[in-house]
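Chains as they are written, first to last, in numbering that gives the first Met the number 0: chain A, 0 to 202; chain B, 0 to 463.
Simulated from the structure, these hints should not be mistaken for laboratory data. Warning: the hint list may mix true and false statements.
Said to hold, decoys possible - SDA-like, lysine to any residue: derived pairs with alpha carbons at most 25 Å apart:
1) B:Lys189 x B:Pro240
2) A:Lys19 x B:Asp383
3) B:Lys33 x A:Arg29
4) B:Lys77 x A:Thr9
5) B:Lys16 x B:Lys189
6) B:Lys227 x A:Val106
7) B:Lys189 x B:Lys33
8) B:Lys33 x A:His33
9) B:Lys189 x A:Arg105
10) B:Lys2 x B:Ala14
11) B:Lys33 x A:Asp157
12) B:Lys33 x B:Leu405
Here the structure is a predicted model, which means the values were calculated and not measured.
So you can see what is in the structure, the chains are spelled out below.
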Amino acid sequence: MSSDRDTILTSVRAALAPLKDRAALPDWDRELVHVRTIQPATDLWALFAERLKLVNGTPLTAVSELVALLEKNNWRRGYCDPALWPQFKDAFPAGIKIETTYDRTRVDDYDFGITAAAGAIAETGTLVLTDAGTSSRLAALAPWVHVAVLRREQIHADISAALAALPNDPNIIWVTGPSKTADVEGILIEGVHGPGVQVALLV
Amino acid sequence: MAKQLIDQFAAALPADKRASVYQSTKSTHEKRTKMLFDQFAEPNRLRSLAGGIKQHVLEHLDTLLPEVEAKLQANGAKVHWAATAEAACAAVLGIMQARGATKMVKAKTMVSEEIELAHFLEKHGIEALETDLGEFIVQIDHDHPSHIVRPIIHKNRREIATSFEKHGLGAYNDDPQTITRRAREFLRQKYLQADVGLTGANFVSVESGRLVLVTNEGNSRFSLAAPKVHIALVGIEKLVPRDRDLGLLLNLLARSATAQQLTVYTEFISGPKSATQPDGPEEMHVIFVDNGRSEVLASECREILRCIRCGACMNVCPVYRQASGHAYRTVYPGPVGAVLSPLLAGKKFPELADLPKASSLCGACNEVCPVDIPIPDLLLRLRDKGKREGAPLAAAGTPPMGAWALLATQPTAWKAALFGGKIINYLPTKLLPIPPLRAWEDTRDLPEWKGGEFRKWMKGRGKS
Ligand code: SF4
């Protein structure tokens with residue numbers, strides 16, 4: 000394999016050798032990617048919630064709202080991050096069954112998965128998940144409903160701010176709404192391989 | 000003069016397919032344009048900056064590649080290099096065989112299609128399953144993608160329902176929702192059984208060694224949550240210098256491709272899973288693939304390597320809209336393919352030398368390109384290369400220009416021809432049995448001959 004490395008680097012060097020000047024790296028101002036249709040917000044949660052709704056996501060501000068949503072849709076079996084469960088436990092009725100370890104041999108037994116968000120991006124309605132902060136990658140992905148638990152101070156204003164604050168983590172995922180496709184005749188269908196319902200729960 | 004191959008494909012395309020390709024490319028293009036211009040004050044400045052960043056990368060690959068290699072290794076990934084398609088396939092197979100792995104789930108990667116990886120692995124007894132809905136349908140149909148972002152833009156729901164039925168994915172049902180649910184059910188078992196998840200990378204940050212993947216369906220997330228090994232196939236041109244540059248490129252990519260602010264999932268992958276994480280790969284392998292790219296870098300068309308595979312150029316292209324993707328006979332259709340495919344073909348360039356002619360040079364592709372690639376200029380350079388190398392396909396479909404050249408260099412003859420040309424208005428040219436004229440006029444109407452009118456107008460204009 001090392002010979003392929005040499006072959007490639009040698010031909011790249013040879014390809015570039017005749018260039019008299021090489022293109023400099025342009026600098027650019029974050030302001031250039033400012034979305035001008037969005038008013039500057041003082042309340043980042045409000046902006047985030049508004050943008051999340053635009054991509055068919057579901058912003059919630061109380062555990063009781065989450066329980067109501069689950070009951071209304073008859074989503075009665077789910078997973079919850081063991082670190083989050085103690086704070087939600089009392090609000091959950093006995094009719095909803097929660098497991099705090101995710102069993103990958105029974106992926107279809109979970110209607111929902113509750114895990115922690117590591118952040119959010121207001122201008123795009125995006126949730127930020129990290130590997131270290133997510134108790135189970137599969138539990139945040141395979142159930143029909145994913146609930147990301149978010150705190151107000153975790154919300155970034157825009158993409159540039161979120162990029163500047165990327166944590167040192169091997170698997171950071173920006174989630175902007177439910178999983179979707181338009182492959183079949185351009186018709187939008189949600190819930191392809193990932194969640195069909197994406198909830199952001201503010202605590 | 001034979002008809003151009005692309006014209007033959009366009010003529011053979013059923014009218015309903017042409018209509019649906021036309022409709023969906025047109026509507027994506029219009030949404031893209033509205034979104035970019037509504038939301039950004041200076042979208043064209045963004046395109047030119049993004050182009051500048053990618054051009055910088057290309058012209059510094061000699062130093063950036065070793066730099067990103069070191070970064071990836073420090074993050075815990077293993078780095079491999081593959082000079083050719085064969086070497087890339089062998090590298091994937093080697094990683095799998097060393098672990099006794101027999102099952103792979105694939106997220107959408109253009110490089111894997113370029114090197115025909117799935118075929119290769121199947122020959123070696125490895126199941127390599129496409130998981131992107133469109134690519135999955137293409138795979139079970141033994142078909143080819145016809146668009147880089149919308150692989151099955153050429154198929155309708157009835158065809159898909161028929162092949163699902165044929166492959167045991169339920170009784171005939173052409174409701175797109177049902178089709179999607181059935182794929183979901185079938186594929187999630189496959190992720191859980193797979194040993195290896197394969198992805199590409201839309202970008203790789205040299206600064207942090209993060210691979211960036213953008214998807215909508217969640218299949219790449221699943222491929223990195225269930226299997227224990229992650230292999231990423233990455234073209235050597237995919238680098239970006241700094242994490243912050245992603246702010247520009249991500250903002251442009253999703254809007255240009257599908258008129259989204261961001262795709263549903265933007266994944267930043269820099270190594271195997273964390274120690275505390277129960278799911279996901281324990282090993283990450285990155286294979287940097289050349290397969291002709293360094294030759295393109297040496298050519299006078301190196302700008303094409305800036306491409307971030309958004310598909311906007313094919314959505315806007317009048318030729319693509321008429322001919323659809325298969326007419327380009329390679330994995331990269333449309334204007335980008337008309338430049339990139341003949342170049343990547345290397346010695347087989349003559350077989351694709353007609354592609355650079357499959358363009359009216361209207362310039363729309365350049366205007367929409369998020370990295371501002373001067374595609375029409377590159378097409379002209381390749382036409383020239385085709386002529387210089389005497390590729391027969393480079394001449395096909397071109398009317399002989401010798402007579403015109405003779406007239407254009409002799410003013411008296413030119414004037415006479417301008418006047419005499421009026422006769423053409425009275426000739427039934429559509430009936431003349433002259434083959435080059437036939438081929439040309441089959442798809443075009445001659446305008447009325449107005450020889451000399453412009454000169455008259457110019458003279459008159461001088462006096463007033
Ligand atoms: S050439 Fe430009 S417009 Fe075409 S796919 Fe590549 S980046 Fe997009």
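Checklist entry - Checked against the structure, which of the hints given earlier come out wrong? => result Failing hints, ascending: 1, 5, 7, 12.
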